[in-house]
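Trainee: Residue numbers for the sequence shown follow my numbering, so the first one is 1 and each next one is one higher.
Just so you know, not all the hints are guaranteed correct.
Claimed, not checked - Within a straight-line C-alpha distance of at most 25 Å, the following computed SDA-like cross-link-like pairs (lysine to any residue) qualify:
1. Lys22 - Leu36
2. Lys37 - Asp154
3. Lys37 - Phe172
4. Lys22 - Gln42
Claimed, not checked - Per label pair, the in silico range of CB-to-CB distance:
5. Ala139 - Lys37: 17 to 23 Å
6. Ser45 - Ala139: 18 to 24 Å
7. Ser66 - Ala138: 39 to 45 Å
8. Ser83 - Pro141: 27 to 33 Å
No lab work stands behind these hints: they were computed from the structure.
Backbone N, C-alpha and C define an ideal beta-carbon position, used for all residues, glycine too.
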Amino acid sequence: MWRPTEISTPVVSEPVSLDEVKARGRIDHDDDDGTLKDAITQARSYAEHYSSSRIATVGLTLRCSSFDDFACLPEAPLQSIASIQYVDADGDEQTLPEAVCESWGDGLDARIVLQAGQSWPAIASGSWITLTGLFGYAAVPPAVQQAIIRHALDADASRENPSAHGHTVFDFLMSNHRR
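Please model the entire structure based on the sequences and the hints provided.
Mentor: Following this line, the structure appears as structure tokens:
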């Protein structure tokens, strides 16, 4: 069972730049740069919610009750694991050695599996296993970038994103990037 995810290191840079959005929207002034930056952040957040995956690189802390939960991580894509900590059967805090497991799956199929010949250690009853790592695309797919740009420009043009009936261009661009 997974606990709610915690952000340990917030997003540092958005997957599309202000210059990319301005070029696509043929915007040649700086008057609305602050609003456009906010629209980019909101569009990325919307795309993450829509796809049930992290798009921009972010540090996350995940907690689960069993190593079996590693078969399907609640967050994806997984870029790297900083540490896996647990409380052993004797009640001592431990860090899982890197040689015990490895991350598998690319993109939206993130999981952690044992290395050959390894086994998961016993944990104290009622304790949590804590995984800290970086999540998000190392290289954001072009369709996802275009969806974010379009969503940000639509938000800027109308100062809101009106409800859409049926599939939108955003839906089509994001359709292959959902979990």
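Trainee: When you check the alpha-carbon spacing of Lys37 and Asp154, does it fall within 25 Å?
Mentor: 13 Å, holds
Trainee: Does the hinted range 17 to 23 Å hold for Ala139 and Lys37 at CB?
Mentor: Once the Cβ atoms are compared, 22 Å apart, the range 17 to 23 Å for Lys37 and Ala139 holds.
Trainee: Assess, step by step, whether the Cα of Lys22 is no farther than 25 Å from the Cα of Gln42, and give holds or violated.
Mentor: 16 Å, holds
Trainee: How does the Cβ-Cβ distance of Ser83 and Pro141 compare with 27 to 33 Å: does it lie in that range?
Mentor: At roughly 28 Å between Cβ atoms, Pro141 and Ser83 fall inside 27 to 33 Å, so the hint holds.
Trainee: Check the hint pairing Lys37 with Phe172 against an upper bound of 25 Å on the C-alpha distance.
Mentor: Since the Cα atoms of Lys37 and Phe172 sit roughly 24 Å apart, the hinted pair holds (cutoff 25 Å).
Trainee: Does the Cβ-Cβ separation between Ser66 and Ala138 fall within 39 to 45 Å?
Mentor: Distance hint for Ser66, Ala138 is violated at roughly 28 Å.
Trainee: Please test the hint of 18 to 24 Å on the beta carbon pair from Ser45 and Ala139.
Mentor: The hint (18 to 24 Å, Cβ to Cβ) holds, given that Ser45 and Ala139 are roughly 20 Å apart.
Trainee: Can you confirm whether the C-alpha distance between Lys22 and Leu36 stays at or below 25 Å?
Mentor: 8 Å, holds
Checked against the numbered hints above, the structure breaks only hint 7 and satisfies the rest.
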